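With the sequences and hints as input, model every part of the structure.
Sequence order for the protein chains is A and B.
Residue 1430 in the numbering used here is what sits at position 100 of the first sequence, and the numbering runs on without skipping anything.
Residue 76 in the numbering used here is what sits at position 75 of the second sequence, and the numbering runs on without skipping anything.
Each hint should be verified, as a subset may be incorrect.
[What the hints assert, rightly or not] The calculated lysine-lysine pairs, modelled on DSS-like cross-linking and capped at a C-alpha distance of 30 Å, are:
1) B:417 <-> A:1486
2) B:367 <-> A:1538
3) B:367 <-> A:1476
4) A:1538 <-> B:434
5) A:1476 <-> B:469
[Claimed, not checked] From chain B, some residues computed to sit far from chain A (all C-beta separations above 12 Å):
6) 71
7) 115
8) 146
9) 293
10) 443
11) 445
12) 471
If you're looking for bench data, these hints aren't it; they were derived computationally from the structure.
Predicted model only: the values in this text are computed from it and were never measured.
Backbone N, C-alpha and C fix where the C-beta goes; we use that ideal spot for every residue, glycine too.
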Amino acid sequence: MKRRAFIRDLALTGLALRFGPGLAAGQGPAPAGPLLLAAVEGESPAAITREAVAMLGGMKAFVGKGDRVVIKPNIGWDRTPEMAACTNPEVVKTLVELVLEAGAKKAVVIDNTINQARRCYVRSGIQEAVKQAGGDMLFVDDYRVKRTALNGTWIKAWEVVLDIIEADKIINVPIAKHHSLCRLTLGMKNWLGAIGGARNQLHQDIDKAVVDMAAFFRPRLTVLDAYRVLVRNGPQGGRISDTELVKTVVAGTDPVAVDAMGATLLGIAPRELPCLGLARERGLGEFELGKVRLEKRKI
Amino acid sequence: MGAHYAGEDDIGNTVHLFFHFDPLLALVTMVSARLLYGALVFALITVAATVLFGRVYCGWICPLGAVHQFSSFLFKKTRFLKPPRQDKASLAPKYYILIIVLAGALFGLDLAGYLDPISFLTRSFSVAVFPALAHAMSSLNGLLYGLGITGLARSISQGLENWMINVTFLQGLSVGLIFLAAIALNARKERFWCRYLCPTGALLGLLSRWNLFKLRIDDDKCIKCGLCTQHCETQAEPYPNEKWKSGECVYCQNCASICPTGAIRFPLSGRPEKLANVSNVDLSRRKLLLTTLLGLIAVPFFRLTPSRKRASLKLIRPPGSLAEDKFLAKCAKCGQCMRACPTNGLQPALTEAGPEGIYTPMLVPKVGYCEYYCSLCTQVCPTEAIKKLTIEEKNKLKIGTAWVNKSRCIPHVLGKPCIVCEEHCPVSPKAIKLVEVKTQLPDGSTAVQMAPVVDLKLCTGCGICENKCPVMDDPAIFVTSVGETRSATNQLLLDLSAGSDSQERFW
Chain A
1331 MKRRAFIRDL ALTGLALRFG PGLAAGQGPA PAGPLLLAAV EGESPAAITR
1381 EAVAMLGGMK AFVGKGDRVV IKPNIGWDRT PEMAACTNPE VVKTLVELVL
1431 EAGAKKAVVI DNTINQARRC YVRSGIQEAV KQAGGDMLFV DDYRVKRTAL
1481 NGTWIKAWEV VLDIIEADKI INVPIAKHHS LCRLTLGMKN WLGAIGGARN
1531 QLHQDIDKAV VDMAAFFRPR LTVLDAYRVL VRNGPQGGRI SDTELVKTVV
1581 AGTDPVAVDA MGATLLGIAP RELPCLGLAR ERGLGEFELG KVRLEKRKI
Chain B
2 MGAHYAGEDD IGNTVHLFFH FDPLLALVTM VSARLLYGAL VFALITVAAT
52 VLFGRVYCGW ICPLGAVHQF SSFLFKKTRF LKPPRQDKAS LAPKYYILII
102 VLAGALFGLD LAGYLDPISF LTRSFSVAVF PALAHAMSSL NGLLYGLGIT
152 GLARSISQGL ENWMINVTFL QGLSVGLIFL AAIALNARKE RFWCRYLCPT
202 GALLGLLSRW NLFKLRIDDD KCIKCGLCTQ HCETQAEPYP NEKWKSGECV
252 YCQNCASICP TGAIRFPLSG RPEKLANVSN VDLSRRKLLL TTLLGLIAVP
302 FFRLTPSRKR ASLKLIRPPG SLAEDKFLAK CAKCGQCMRA CPTNGLQPAL
352 TEAGPEGIYT PMLVPKVGYC EYYCSLCTQV CPTEAIKKLT IEEKNKLKIG
402 TAWVNKSRCI PHVLGKPCIV CEEHCPVSPK AIKLVEVKTQ LPDGSTAVQM
452 APVVDLKLCT GCGICENKCP VMDDPAIFVT SVGETRSATN QLLLDLSAGS
502 DSQERFW
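Written out as structure tokens, the structure reads:
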């Protein structure tokens, strides 16, 4: 490392440690221990993804040798990357690379899409990106969707994509977007793409549904793509003017904290999102960022 | 076979090009729609080939002919079909069918697609055969998973997803049964369809009398065994030589190859065939006139339908479709658009478009919606009944308008949250807006909830809202055809400020 870079990193880390958590929470110093959350801002989606995962101890902390890892991005819509309706393909590609570098046997990328699956996989750019990185894209197979006990507070059982829950490790890779019902769709809501059945009926009590899903799918790692985010006409947008560049990736082992950080990045206080409160009650994580061991960085 | 999404927005050249070589479709489309179009050039190639070489198109090119020949061959091998020494059955039906089709065309009625071999085959495959195969594969998958052969099952399921075979069709049963019947008829007579039904074959038969290669039997070699006539696929009667019918022969060369003494050849000959020898039909002027007259009288029957007075509620045509009368005059009912539609939304109509609209395409949003970034259906239409559009052009069109049924909508009735239609609305800004609505609940309390309303100006009628609505049986938001760009009369929003231009469509 060059001396200049070392000093810069040191200064940034110092600043982040001094102000980052304090500003977000305003209540005492963050607890000690390994980092639960890393938010990295920068020009390259791939570089900030790599950096964020590295800050959490590197992919080897989450993926073992020979693991079959499922990476679950949001590929719900037949939209190009610049519409910010699906996860940034660069972010997904980087994660596939990291997972395979960490010794995983397979990196499978799958989503139960809303528009026709093949169109979403192609137009989102994710199919090509995953192929380049050496991962596998899988379409959801009707025979591999089974009604499974979730034992949630509201949803006791639902149709679940088996390829996701049978994986050794799950990595959730949502994109931060505007949504008219939830206000935002972040990491926990991304699990609605891991289920089948009459998903459209969950909207009658969406926050409870989201938390029940999040309690069932326990990812090893959540990597929230907030590089280009949708700020209106969500969750699919349609015009570039519906999007804004935030150029940040948030990685974390606490899914509630990741969503809270995502909300903060989009200018919404975490406590305003009911699902985060419900999730904390269920013991899924912490949305008050001051209580979370986190680090922000700009590269 | 057929057109489907292969990962590109531009579908390129597909089976629809085959239609351009079909002279019957070209002729009927031109007459019924009263226009000339470029694809005619290709049809002229077939016409020229027939004039010069006879019905080689039927024997060597027509894919439906190949299907019939192959199934006839199987029926013969399995002895379901034992051809008689000589067949005297009249070959007239196909000529009468042709006359009725042509008479209809004079009145702007496009009947060619129902029995035209290319249309018939592609429709049958798009709407029935492929879907049935996909169903069978899917069932096989269930079995494979059950047996624990997951690797193979997974490959099949991923393959099916990639081939994008639509499996839900309203008329799958009728189209499928008609196709099966057409195949089964080969158990009665070899190439039954080609002999008795095919109007395209009839048209080509009439053109073939001048052809340069006529069957000749070498009398010195002929042992009068009759095998050639018995095994003639199309009842052209090679023996005796003077009975051979140029209009029926498809130049399959079976007679030449089956002849034990090699007495049959097709030498060059400039002499036109006698009209009486074209077929075994008496195409005398009296009968011809009568049939034509009957055809002409029958045409008005097709018009006794209210669909000509007022647009049909559920008749949502694919984007780029011509105005209804022009559309009906051009649509070949080939089913290529239904094969190309990535959501399975395009379905063959039965009654919705009147009697002449049977098997024409319509969007049924409950089955599938019009995908925002897709214009595949407009690229595969062989007769340009659906005008070719780019995705940008398509998204400027309305194919219908969505309506909220407030007496069924969850927020409107139950006072519970549901924004499913709004979140799926693909246009930006969204055509479905959420407004605060107060609902009186059965217990007397009042619920306040955000509920959908449609901005009619922004709605394109794509139907994804209806498709995704959680009210399963009768969606609380639904699309009807009103407001469709292609119609000058099926309109709702009066736009006087735009002046007369607003009535002018680019097609």
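Status of each hint after checking the structure:
| no. | hint | result |
| --- | --- | --- |
| 1 | B:417 <-> A:1486 | holds (20 Å) |
| 2 | B:367 <-> A:1538 | holds (28 Å) |
| 3 | B:367 <-> A:1476 | holds (24 Å) |
| 4 | A:1538 <-> B:434 | holds (24 Å) |
| 5 | A:1476 <-> B:469 | holds (21 Å) |
| 6 | 71 | holds (32 Å) |
| 7 | 115 | holds (30 Å) |
| 8 | 146 | violated (5 Å) |
| 9 | 293 | holds (48 Å) |
| 10 | 443 | holds (17 Å) |
| 11 | 445 | holds (21 Å) |
| 12 | 471 | violated (4 Å) |
Of the hints listed earlier, those the structure fails to meet are numbers 8 and 12, in rising order.
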